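**Q** Taken in order, these protein sequences are the chains called A and B. Residue numbering for the first sequence follows our numbering, beginning at 46 and increasing consecutively. Residue numbering for the second sequence follows our numbering, beginning at 312 and increasing consecutively.
Quick caveat, the hints were computed from the structure, so don't treat them as lab data. Hints are supplied without guarantee of correctness; some may be wrong.
[Claimed, not checked] Simulated restraints on C-beta separations:
hint, chain 1, residue 1, chain 2, residue 2, range
1, B, ILE481, A, LYS191, 36 to 46 Å
2, B, ARG389, A, HIS209, 16 to 26 Å
3, A, ARG260, B, ALA515, 42 to 52 Å
4, B, ALA654, A, ARG137, 21 to 31 Å
5, B, ALA737, A, LYS191, 27 to 37 Å
6, A, LYS191, B, ARG693, 51 to 61 Å
7, B, ARG561, A, PRO223, 31 to 41 Å
8, A, HIS209, B, ALA737, 38 to 48 Å
[Stated by the list, open to error] Not the full set, but computed from the structure, chain A residues with beta-carbon under 7 Å of chain B:
hint, residue
9, ALA54
10, ALA144
11, GLY160
12, ALA241
13, GLY248
[Stated by the list, open to error] If the Cβ cut is set under 7 Å, some of the chain B residues that face chain A in the computed set are:
hint, residue
14, ARG623
15, VAL626
16, ALA654
17, TRP656
18, ARG667
19, PRO668
20, GLU700
Small disclaimer: the values here were computed from a predicted structure and weren't measured. Don't be surprised by glycine CBs; every beta carbon is placed ideally from N, CA and C.
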Amino acid sequence: MRESVDHLAMLKAGLASIAGGVRLSADKRITTGHAAFDAALGGGLARGRVHELFAAEADDGPSAAGFAAMLALRAVGRGTPVFWLRTDEAGRHGGMIHAPGLVELGGDPDSLVLGQAPDTKALLRAAADAARCPGLGALIVEAHGKCPELDLTASRRLALAVEHSDMMLLMLRLEAEPAPSAADTRWAVSSAPSQALEANAPGAPTFEIELLRRRSGPAGMRWRLEWNRDRLSFTDPALPGAVVSLPSRRPAAAQPGLRLSA
Amino acid sequence: MALADARARVPALQAAERDEAADRAWLERLADGCIRYSPMVALDAPDGLILDVTGCTHLFGAERGLAADVEARMATLRMTVRLAFAGTPRAAHALARYQALPAKDEAAAIRKLPVAALELEPEATQGLLRAGLKSVGELARRPMPAIAARFGGEAVSALRELLGEAARPIKPRIPIAPVMAERRFAEPVARTEYALQVLGELAAKAARQLEEAGQGGRRFEAFFFRSDGLVRPLAVETSRPSRDPALVMRLMNERVETLSDPIDPGFGFDLIRLSVLVAEPLAVTQLRLEGGAAREAEVAALIDRLSTRLGRNRVRRLMAQDSHIPEQMQLSLPAVEAGQPAAYWPKAGAGEPPLRPLHLFDPPQPIKVMAEVPDGPPHRFRWRRKLHEVKRFEGPERIASEWWKRKDGAVDKAGLTRDYYRVEDARGRRFWVFRHGLYEEKPDPRWYLHGLFA
């Protein structure tokens, strides 16, 4: 028995050396701020890896994109550039990125660089180049539709590139079905009803996320996360402390009256 | 003469429709090819080119050599040329087109030109001929005020320009580069790989010139001159001043790969030139010691590479704009030219949920809305054939058009007020919808979906 365990350990070590996967220490992980979530992942999402975010349904695209933007904000410091690559189709279908909306999530649009590729092939080529650039903090690649070009080879290429540059690559898949890939984790993101504020106003962004697959660990867990912009972290919407406290000067939400901007 | 008459006289006559756009494009290609002779090349539409060859002729063995070179190259393109050298562009233009009689020098030749060379209105030319003034010299002997009184001020200015008394500078087609490196070949080079290798050496040469001037280039343009007189330009841009030949060559190779039609050497290139069209000050730095700057340089290199491959409009940065109209709050600029922002992004209020969406539709998407009361919030709406039940809403947030853009400050159709609502449907999807126009502004205002919240 002991012998077989040794063999197993040896085989595992051999496989790890072939795969090039170095075991990650805790400082290489990006915490989300949500304790149970981080604990289940062994300290958060790994830096230098590819993480796939699938929109659970077609209408969950903006939520998945928002979730990716929030993870990128957790991953980078202020001023570190974030590169967001999209295709023309994504812009037509899902609207353009609106910088004031990014500010509302706690981001800095001045450090955002947007890339727009005419098709998926060009998108993947640009993504491979960007993934090799160590100056970037995070890279969001938004692929729309099935994308037969994004096969195992392509995703393995991206995974190797980010391993060297030590950045986080968030592969955003909208209107797509999960397919085999070299990603470290795979998630399904859908929007969830928010905690209502006063006068039944929609509250902070809330997500229902499911861990579909994980390279080294169990999968299938679900969480409900809420984004706290002021602390730049995810919280549990069920906790009473996580409910956004209302400032006293908030006439617009206190009664469904007018909010004048002009 | 009508075409039928011409065909009756010459049965083998070939006729073709006149295509002005194609003529113009061809003239532009010829003009680009002529920058091998002088950087100052201007179009003289519809059928001429003007070259300022001041200080350039000795490279080709004086004016005679230059003329022979031009004629030889144009002959390979099966073009017939009429050349003239003169002290002013106007005089050269007229001599090339109207000179019929030989003359001993330039001034005499100009004076012998017919008055048609002034290219006045047909009535003015007719008037001059009726007055017995057949040549430019005869006209020039008359007092100028009398000419102006009878044939208009244009006649005087045309005459003065032709005689070299008034200057009319030419506008070069390609701006003159502050830094330039070029190499001529005795034998044309037929291989593109070798041409690109030579371009690399020219980039190193240009880099030395830039370094001496303490400058870095922002826009580099390579010209591959073919021996038949045409030229193939290739331009790359960098987002920050640079004089690294390796970087320039990486971008050039990237550019070559993205060409839809590959560089055709034809009978070979006999001149390769690298121009630095835009140069900016660049101090000597040691990026490795400055930590952050090295990372910034890496990102800038990435932006340059992708801008070259995908096109400069496809890699963008967002700039803040000082406006309260949602779609005008940001300006999306190519990342290679984005400068300092003119405004600051609005701050998000502490404790508030996001009030602006991450994705914005421009133009907004029309939706069908059911509201409980006409000017109330939406109760349910249909967007892209899907029905959304509104469970939570906040609003209206009233965004009016800019009063300074309205006619007399009045509420007119061009600037309807929008009432924005943040709504959330039963599945938790958050939308930003608005009613375009108040009921007092418009009888039946329409609803639009403007953005999607995370």
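**Q** Confirm or reject each hint.
**A** Comparing the hints with the structure gives:
A hinted range of 36 to 46 Å for the beta carbons of ILE481 (chain B) and LYS191 (chain A) is inconsistent with their spacing of about 57 Å. At roughly 56 Å, the beta carbons of ARG389 (chain B) and HIS209 (chain A) sit outside the given window of 16 to 26 Å. Range check, ARG260 (chain A) to ALA515 (chain B): Cβ separation about 46 Å, and the 42 to 52 Å hint holds. Checked against the given bound of 21 to 31 Å, the beta carbons of ALA654 (chain B) and ARG137 (chain A), roughly 28 Å apart, stay inside it.
Distance hint check for ALA737 (chain B) and LYS191 (chain A): the Cβ-Cβ separation is about 28 Å, which falls inside the suggested range of 27 to 37 Å. At about 27 Å, the beta-carbon gap between LYS191 (chain A) and ARG693 (chain B) misses the expected band of 51 to 61 Å. For ARG561 (chain B) and PRO223 (chain A), the Cβ-Cβ distance of about 36 Å falls inside the hinted range of 31 to 41 Å, so the restraint holds. Take HIS209 (chain A) and ALA737 (chain B): their Cβ atoms lie about 45 Å apart, and the range 38 to 48 Å holds.
With a least beta-carbon distance of about 39 Å to chain B, the hint placing ALA54 (chain A) at the interface is violated under the 7 Å criterion. A hinted interface residue such as ALA144 (chain A) counts as satisfied when its beta carbon comes closer than 7 Å to some beta carbon of chain B; here the least separation is about 4 Å, so the hint holds. The interface hint given for GLY160 (chain A) holds, since its Cβ lies 5 Å from the closest Cβ of chain B, which is under the 7 Å cut-off. Proximity of ALA241 (chain A) to chain B holds as hinted, the smallest CB-CB distance being about 6 Å (cut-off 7 Å).
Checking GLY248 (chain A) against chain B: minimum C-beta separation of about 5 Å stays under 7 Å; hint holds. Hint status for ARG623 (chain B) relative to chain A: violated, with the closest Cβ pair at about 11 Å, above 7 Å. Taken as an interface hint, VAL626 (chain B) checks out: its beta carbon lies about 5 Å from the nearest beta carbon of chain A, inside 7 Å. This hint is violated: ALA654 (chain B) has a C-beta 11 Å from the nearest C-beta of chain A, more than the 7 Å allowed.
Annotation: TRP656 (chain B) was flagged as interfacial toward chain A, and the flag holds, the nearest CB pair being 5 Å apart, inside 7 Å. With a cut of 7 Å, the hint placing ARG667 (chain B) at the interface with chain A holds, because the nearest CB-to-CB distance is about 4 Å. For PRO668 (chain B), the suggested interface contact is upheld, since its CB lies about 5 Å from the closest CB of chain A, less than 7 Å. Interface restraint check: GLU700 (chain B) against chain A, minimum CB-CB distance 12 Å, threshold 7 Å, status violated.
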